[in-house]
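Asks: Construct the entire structure; sequences and hints are all you get.
Residue numbers (our numbering), protein chains in the order written: chain A, 8 to 227; chain R, 8 to 227.
Mixed in with the good hints there might be a few duds.
Identical copies look the same in the list; a pair holds intra-copy or inter-copy alike.
In the DMTMM-like style, the derived pairs of lysine to aspartate or glutamate whose C-alpha atoms are separated by at most 20 Å in a straight line are [what the hints assert, rightly or not]: (1) K113 x E14; (2) K94 x E123; (3) K207 x E178; (4) K94 x E119; (5) K186 x D60; (6) K94 x D122; (7) K113 x E101; (8) K98 x E119.
Just so you know, these hints were derived from the structure itself, not from any lab.
Protein chains: 2
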Amino acid sequence: MQSFTEENYLKIIYHLAENTNNVQTNAIAEQMQTKPASVTDMIKKLADKGFIDYVKYQGVTMTEKGRNAAIDIVRKHRLWEVFLVDKLNFKWDEVHDVAEELEHIKSTALIERLDEFLGFPKSDPHGDPIPDKNGRFAKTQFTKLIELKIGDSGTITGVSQHSSAFLKHLEKLGLTLGKQIQINDVTDFDGSVEIVISDKQINISREVAKHILISSNGKN
Amino acid sequence: MQSFTEENYLKIIYHLAENTNNVQTNAIAEQMQTKPASVTDMIKKLADKGFIDYVKYQGVTMTEKGRNAAIDIVRKHRLWEVFLVDKLNFKWDEVHDVAEELEHIKSTALIERLDEFLGFPKSDPHGDPIPDKNGRFAKTQFTKLIELKIGDSGTITGVSQHSSAFLKHLEKLGLTLGKQIQINDVTDFDGSVEIVISDKQINISREVAKHILISSNGKN
DNA sequence: TTAAATTTTTAGGTAAATCTAAAAAAAATA
DNA sequence: TATTTTTTTTAGATTTACCTAAAAATTTAA
Ligand SMILES: [Mn+2]
Ligand SMILES: [Mn+2]
Ligand SMILES: [Mn+2]
Ligand SMILES: [Mn+2]
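Replies: Set out below in structure tokens:
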């Protein structure tokens with residue numbers, strides 16, 4: 008069994024590995040809010056334990072064992088987030104920090120029964136997929152709102168930024184999961200996007216549009 | 008905020024202080040499954056932080072601050088136990104170890120909403136009282152079954168031993184919370200007790216009888 | 001009330017996870 | 001290609017929570 012710290016490293020390396028092949032020391036340090044020297048120490052340890060492959064100066068890649076361990080933590084994180092929102096009436100912007108703690112509770116029985124209690128949810132309050140107990144989950148194929156063209160429409164099915172400030176902002180604009188949107192116009196001046204949502208026309212900044220994930224109507 | 012280790016020390020000192028005025032170093036070491044020398048280190052630290060009063064060679068006593076901190080942990084532990092039994096269908100002998108981890112999750116909002124979700128329970132699956140959010144709880148006045156005399160009767164309202172082995176044994180004998188019992192006889196030979204429960208007559212060992220808590224009929 | 005037993009503390013050390021400062025390697029740029 | 005910049009690693013410390021062995025204080029018993 009791994010320490011909390013090891014689990015946090017594994018989860019972060021796993022997420023970084025979704026975008027790059029070789030995960031860099033500095034990238035890990037930034038995510039872990041620690042120093043590169045500390046990361047070097049830890050990745051040696053994780054490599055010794057067989058969670059990652061590590062070649063000096065070349066960054067790290069996850070092994071099968073490491074990926075499984077990381078997915079297990081992600082599963083727990085997302086299930087707890089569903090619990091907090093569905094059962095304890097937390098808002099979607101309030102759950103992340105608590106889930107960061109709850110994800111480290113070690114009990115297979117607990118997480119399986121929680122999964123069942125929640126009705127085996129497929130996605131968390133931010134639209135992210137929840138791996139099943141075998142670590143399997145549908146690889147979601149979303150389009151960023153910013154990439155849509157005028158006239159395109161779709162459903163909000165996820166966000167790629169989990170900060171409380173961002174989520175609260177979306178909430179205020181009515182941009183919540185499941186809502187239908189259509190692109191009306193893209194402003195030349197600042198790249199902001201004019202969309203129609205719930206029969207109202209609103210303008211959202213480029214920065215916001217970058218982090219909203221859309222599934223096109225008709226598919227998915 | 009305290010570390011997990013500090014919280015565990017506080018909780019154990021709090022429980023030991025229920026039976027003695029000055030809690031001894033060795034008693035803490037035994038409960039913490041650690042060495043007396045380690046305890047000395049930690050109690051100095053807890054004294055520095057104002058959680059306990061400590062005089063060399065005299066043992067420790069809890070301060071108001073320490074008691075409040077400990078009660079808060081006990082509250083969390085017991086609420087999580089209720090959650091596990093009431094919502095996730097754990098048995099009463101399966102919850103303790105998981106609750107030992109969950110009790111350290113730091114979020115006031117979480118525990119208050121959990122309390123509400125559970126319907127503000129007054130006692131946990133083992134009959135122990137749950138402090139409210141201000142740390143107040145009814146001091147339960149139970150009698151040990153072993154202390155009852157022939158002919159006495161009452162209701163099982165608690166246990167003073169939380170090991171899985173003991174609780175499973177009680178379950179098998181049908182000795183669960185809320186059950187009515189009456190003392191039929193006490194065996195001279197081994198001190199075992201013959202009781203009537205659910206219209207059946209069974210014999211329980213002295214050791215078992217010591218750890219079952221009864222509230223007399225009529226009161227409580 | 002001295003001697004023996006028990007309890008508690010001190011002294012000195014270890015392992016995990018962090019840090020700073022400086023050296024080494026790799027990548028980018030001129 | 002040589003130089004500069006960036007990335008990564010090493011070396012050496014620090015902090016927390018432990019440990020063992022030995023000394024000191026307290027309690028119990030003779
Ligand atoms: Mn999250
Ligand atoms: Mn999430
Ligand atoms: Mn318990
Ligand atoms: Mn309990």
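Asks: Evaluate each hint against the coordinates.
Replies: Results for each hint:
Taking the shortest alpha-carbon separations for K113 and E14, both the intra-copy value of 11 Å and the inter-copy value of 18 Å come in at or below 20 Å. Within a single copy, K94 and E123 get their C-alpha atoms as close as 13 Å, and across copies as close as 11 Å, so both meet the 20 Å cut-off. For the homomeric pair K207 and E178, the shortest alpha-carbon distance inside one copy (15 Å) is at most 20 Å, but the shortest distance between copies (61 Å) is not. Taking the shortest Cα distances, K94 and E119 sit within 20 Å of each other both inside one copy (16 Å) and across copies (13 Å).
Taking identical chains as interchangeable, the C-alpha atoms of K186 and D60 are never at most 20 Å apart, the minima being 42 Å within one chain and 58 Å between chains. In this homomeric assembly, K94 and D122 come within 20 Å of each other (Cα to Cα) both inside a single copy, at 13 Å, and across copies, at 12 Å. Taking the closest pair of Cα atoms, K113 and E101 come within 20 Å of each other only across two copies (14 Å); inside a single copy the shortest separation is 23 Å, beyond that limit. For the identical chains of this complex, K98 and E119 are inter-copy neighbours only, at 15 Å across copies versus 24 Å inside a copy, given an alpha-carbon limit of 20 Å.
In this structure, only the earlier hint numbered 5 is contradicted, and the remaining ones agree with it.
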